[in-house]
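Peer 1: Chains as they are written, first to last, in this note's numbering: chain B, 1 to 416; chain D, 417 to 832; chain L, 833 to 1248; chain W, 1249 to 1664.
Please keep in mind that the hints were generated in silico from the structure rather than gathered at the bench.
There could be a bad hint or two in this list.
If the Cβ cut is set under 10 Å, some of the chain W residues that face chain B in the computed set are [said to hold, decoys possible]:
| hint | residue |
| --- | --- |
| 1 | D1267 |
| 2 | Q1421 |
| 3 | F1455 |
Positions of the beta carbon are idealized from the N, C-alpha and C atoms, including for glycine.
Listed below are the residues making up each chain.
Number of protein chains: 4
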Amino acid sequence: MAGYNDRTLEQQAQRILNDVADQGRNPKALMERLASLRIEIPSWGFADTGTRFGKFLQPAAARTTEEKLEDAAEVHRRTGICPSVAIHVLWDFPAGWDPQVAHRAHELGMKIGSINPNLFQDQCYKYGSLANPDPKIRAVAVQHCLNSIELAKEAGSGLLSLWLADGTNYPGQDSIRDRKRRVGECLKQIYAALPDGMTMLVEYKPFEPAFYHTDIADWGMAYIFAREVGPQAKVLVDFGHHLPGQNIEQIVAWLLDEGMLGGFHFNDHKYADDDLTFSSIDPYAAFRVFHEIVSADDPDHGPADIAYMIDQSHNLKPKIAAMIQTVTMIHELFAKALLVDRQNLAEAQTRGDIVAAETALRDAFFTDTRPLVGAARIQMGLAPDALAAHEASGYTQRAAQERAARHGISKGGSYA
Amino acid sequence: MAGYNDRTLEQQAQRILNDVADQGRNPKALMERLASLRIEIPSWGFADTGTRFGKFLQPAAARTTEEKLEDAAEVHRRTGICPSVAIHVLWDFPAGWDPQVAHRAHELGMKIGSINPNLFQDQCYKYGSLANPDPKIRAVAVQHCLNSIELAKEAGSGLLSLWLADGTNYPGQDSIRDRKRRVGECLKQIYAALPDGMTMLVEYKPFEPAFYHTDIADWGMAYIFAREVGPQAKVLVDFGHHLPGQNIEQIVAWLLDEGMLGGFHFNDHKYADDDLTFSSIDPYAAFRVFHEIVSADDPDHGPADIAYMIDQSHNLKPKIAAMIQTVTMIHELFAKALLVDRQNLAEAQTRGDIVAAETALRDAFFTDTRPLVGAARIQMGLAPDALAAHEASGYTQRAAQERAARHGISKGGSYA
Amino acid sequence: MAGYNDRTLEQQAQRILNDVADQGRNPKALMERLASLRIEIPSWGFADTGTRFGKFLQPAAARTTEEKLEDAAEVHRRTGICPSVAIHVLWDFPAGWDPQVAHRAHELGMKIGSINPNLFQDQCYKYGSLANPDPKIRAVAVQHCLNSIELAKEAGSGLLSLWLADGTNYPGQDSIRDRKRRVGECLKQIYAALPDGMTMLVEYKPFEPAFYHTDIADWGMAYIFAREVGPQAKVLVDFGHHLPGQNIEQIVAWLLDEGMLGGFHFNDHKYADDDLTFSSIDPYAAFRVFHEIVSADDPDHGPADIAYMIDQSHNLKPKIAAMIQTVTMIHELFAKALLVDRQNLAEAQTRGDIVAAETALRDAFFTDTRPLVGAARIQMGLAPDALAAHEASGYTQRAAQERAARHGISKGGSYA
Amino acid sequence: MAGYNDRTLEQQAQRILNDVADQGRNPKALMERLASLRIEIPSWGFADTGTRFGKFLQPAAARTTEEKLEDAAEVHRRTGICPSVAIHVLWDFPAGWDPQVAHRAHELGMKIGSINPNLFQDQCYKYGSLANPDPKIRAVAVQHCLNSIELAKEAGSGLLSLWLADGTNYPGQDSIRDRKRRVGECLKQIYAALPDGMTMLVEYKPFEPAFYHTDIADWGMAYIFAREVGPQAKVLVDFGHHLPGQNIEQIVAWLLDEGMLGGFHFNDHKYADDDLTFSSIDPYAAFRVFHEIVSADDPDHGPADIAYMIDQSHNLKPKIAAMIQTVTMIHELFAKALLVDRQNLAEAQTRGDIVAAETALRDAFFTDTRPLVGAARIQMGLAPDALAAHEASGYTQRAAQERAARHGISKGGSYA
């Protein structure tokens, strides 16, 4: 179908905005909110990734931090709403802070975003990092986080994003309660080093790589840890880190109401933490999360301060195309959430008219918002079809050639 | 948003059909296929239902078979694609075949559709019906099915729809293998009584009301039973009868390819067999099922012969409104599936272009098909917004008054 | 196998206790802890229950509060550890406090235990109780809870046990955040009426009867509500109220560590909230919960104050037999948890010896504890095989005759 | 607790066997059946494995096929029931058949067991192997299987074990039906090359590494493929390859009844395909599978011909200890299944006595069978506590030293 290539794209956008005006709302404000969305891109989203069974390699995959920044800049160039890059300390700054990286980011018009310590890869973390029974290993893990805070200061980043892979594989392997106390104690030490204005995000995940229990397994555990250490700690919601059936939008609504929602990791999944591109499996569920966020806008102070970050594994898809596709989907779904006629919705809810209330939500979801996103891009001086523009640019083909020349051909990893 | 009340509805429909023509396809054939869809409505969808914790009663709920037929006729009157009513033998023909019912259906312009025996409600079925260890109980259950076949013949129905609640609650309660053999033997007896041209549908369900094992628990078991008894037996897929994560469209694709897909029970769920209105939780998953069905159209013989039936519990929603909403959603999603540019899709698949292939599917899903369904209704002489037309008619208010006068006010059931 | 009828039962018990002594522990203290366990039995566990598809009726099912108390007394008579009965306000005291009931309980040697308001059955709760958008309905629900507190005072009970069925079936049906605030406000009003020494238990459940969102859906939500209202509020864990895969023992460990674990509802499930007899599906998971409880014993103050309650639906099993079976299983699993050699376990955990640590746990689980429970019963003057003693007593046959004579034969409920 | 080190071990065994005799059964036959169990060990179970987040390396991990055979021989030396080793073609015979490997196996007293082709690791399999849209890639995959059959002939193995990682990550990525047909066609070609007496096992898995659909996703699909190609094809059940809640013992019972159960891959899981040691999460579920197998023993022809194989990832546990632990658990659970008094069980089932039937099963499960397994080992001239004997032998310490000297220290893999 026509989609972004519809010749009547801007006319379709106007038609929708007229409906918004008919509801007594301000179409201009809606378009401004749509244009002001910012999505952070992860540096690791451009590298080769895979499953425990191996990686399928792509010639254009980025292998250096500089290549990752260049790829991120290409995503921003096409979408206009992705000016910052999440950094993985171990992979992007293996030798500590490097001003060259910051310089290169600046040249590319990009900022360094959230700083992600790595507490899972070193052999010393076999029995955990902050939950490790050995105090010496815990000290190593805490020090890595303190270093990451220093690095964040250098980079001008305001976000320290903590994901613990800690957990156990077998009942009895370790004491669940002792591990809880160790993590709480370490988080206090890390929090104490946070400068003013820096936020510590605490992420949760039910399983993988730990298969019996994970030390921060759900939002309730992340909430308790964050509450305990202080007001600069918030909860980070990763879409893939939930058990089948869990109502993610309800968790989002609760965290918003408690003032404890710090950020998101966007991705989608059908089974476990599959790290597929956002909304590729269940776009209506993703829309409902945006609906909760927009519904929680403070009438006086505007939207809550939430860090929107992508965290996906592009095992098979070309990495930049997958990222542009993702940003586009986020933008379209956010537009759908903005379209919900909340006054109409609230009235139907109050009178117990379930069908009308549901219809108010679904009318927005089933409205095609590609014209709105396309119009927003045109206003930013961009092509409405970001993916087509990227593909027409030949960027990936060039990157493949240059990178193969630079690094040679890499071999895949294996399972055993 | 405007939706069915868009003043430019038909113009929007034309815009979409122009896209279809641009793809080298026949827009007229598409609209004909859209108009030819037929959805069967269950008589029990108009009665009060609930959970084990009780029922919330509605004054307009139907309590007699005649009232159920009248409600079904109202749904058909508004949507134009629902001329038949599924019958539940025990509830609709408690005393066996009743020509008055058929006469009333005929008066209302409705046909009697699939015939559903009841093999779970009688106290004798505590340990199962066709799987019961007691041969006398099995004989009772078989006889009920034979009677249902007779009733189907009288009613001119070509579908016997079998759902077994059989199973056990505790490991060891009964022999799984012996029960398999008993069910197989009984199905043979029932099949032997089928007249030519009548189809036996075998439904499966993983759990509820049995909580340890269900005798026909998944599509593989239903498939084996159906294959075993003969070519007039097919598998019935109920959307809610799957474990979390199970890929329903793959099951549909397999059954289609094996020539074993007999019919659907439409509904949706987030957790278990929640029996919510179709696509209310995951419309993209529902769309993917229609995509498989349309993709399997035989180029020479056209679409497969599949019985589309609704099977929902409208515990809270007004029942007729919920049914019209459901039929509308089915119609819109079916339209989206018809819009998929299958040649473009196949080409992208062949060249391994995942993003382009996915986009071909999603372009259709994200196209707003309310204009197409609205246009189809206008062609049928109906109002484009079926739900609004129903609500404007005052049908439910009248029914509530008349039925309260006829039956008095009923009391709810309780848990214990 | 021999089990409780082993002629060498006491010798086997001694053999196990010798092992305990060999570990440097006190076998006598272990047997005392085993004998001091107390399990509360629910009055509603003796009534006919079923699924939404209907109830299978039992002639001996209790239909009056007095009959329920008599059945509970029979369970206590055989097991020796069940002296109290949980009360369901609406079903057991439909007209408010009734001193006759208390008198009859006293005669039977039983106490009235936790008081359970009913906030789901009345037609007014269609859109919720404490979360209802209508403040008048919320006031009705709060008043019922205040009445229940009065009833608890009269009955000498120290536990108010709150389960909300509140939630919605469809996205958009109501505002998740507004409902959260309403529930929080109502809980404050109820808490304010609690006398000193009375505990309010807040239960959670992911779904059913609500199928899109439940207002108190998980332990994190119950925790936040309980924390918010005050120190007499604790969380109630029902085994069946968890999503597939959720690690229940970890939740228990966290709540214990936070001082927020108030009680349990024992039952088991394979799929949803199946309400099967405890540990009938996964006894090792049940054992792990007891292991966390015993592990959290305070060396100075002894075990935490936790209310152990059974909450099951005996849809098919004879109700008293099912209850005795459950109490026996709890007793056996608790004995296994007491057998864990915690010093050995802690040492293996500290040195990272996963196999040895796991073995320490599993050695206890795989030890046959029927001899210990049997010996404990003999010490209480009871038959070691409680179930056989009950069956030999003819109690159920007598109850069936008397109750049929008293009430006539009841009819089953139906789905639609 | 005492367990295998109980001084009265043989006396305890005798006590249990006396119970068996009291039931009118033959204790000697039971012990013979217990001793005749054979479990195949996978060569890859001794190598370093991990998750997509990395591997934790062990100094004693095997890195050559010879080392794997030596480790397998150590497992057999301690347990007495593991004389054969499953071979992974790509990892163990990277250059095709190698008579040295066979020779070394023979020296160690081990046989080569099932042959496992690798259809997932090569870069050419990015879009699948037997389901790949490209016929050239399918031909490569088929040829690898044909080579594997040749290798099996050389090795004297009677089992070709096929696991396909084939599937897609995104809706629309490829045609589900076309892929089904391609797999079916390729399987026919492979089957045609099977010599008489060789069995082809078809494995299924719902997800991972494919995250949207897997081409052989469940037992029904494996069944249809196996039926289609011919009588030498059977279904392979891997415990971890099921969705949450799926009733594995029912699938086993069905496959046994259809004569289509070819083999097992033993492991356990709590969430996804976690590949933990067998029964470490849910031993009762594992026991129920053995109960189905023993229940299906043909009175005239004895047990069905089923290949019992271990397939686990020992990411954290020492690999040989984990394997001995697994074999021991299988042996103990199999002993429990042999203890079920099936006549008593059948009688309780027939009279609908759920509690008695369940008790017949649980009495066997809760009987401590370590004495029986210990006695069986003593009869084989082995130490009753296989794990302790292995640990006392110093094998792992020696292997660690020798292998570090031979290969140097390896580095871990990383995620991105």
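Peer 1: None of the hints should be skipped; say for each whether it holds.
Peer 2: A quick look at each hint next to the structure:
Against a cut-off of 10 Å between C-beta atoms, the interface hint on D1267/W is violated, since the closest Cβ of chain B lies about 30 Å away. Nearest Cβ of chain B to the Cβ of Q1421/W: about 8 Å, under the 10 Å cut. The hint holds. The interface hint given for F1455/W is met, as the beta carbon of that residue sits about 4 Å from the closest beta carbon of chain B, less than 10 Å.
When the structure is compared with the earlier hints, a violation turns up for hint 1 alone.
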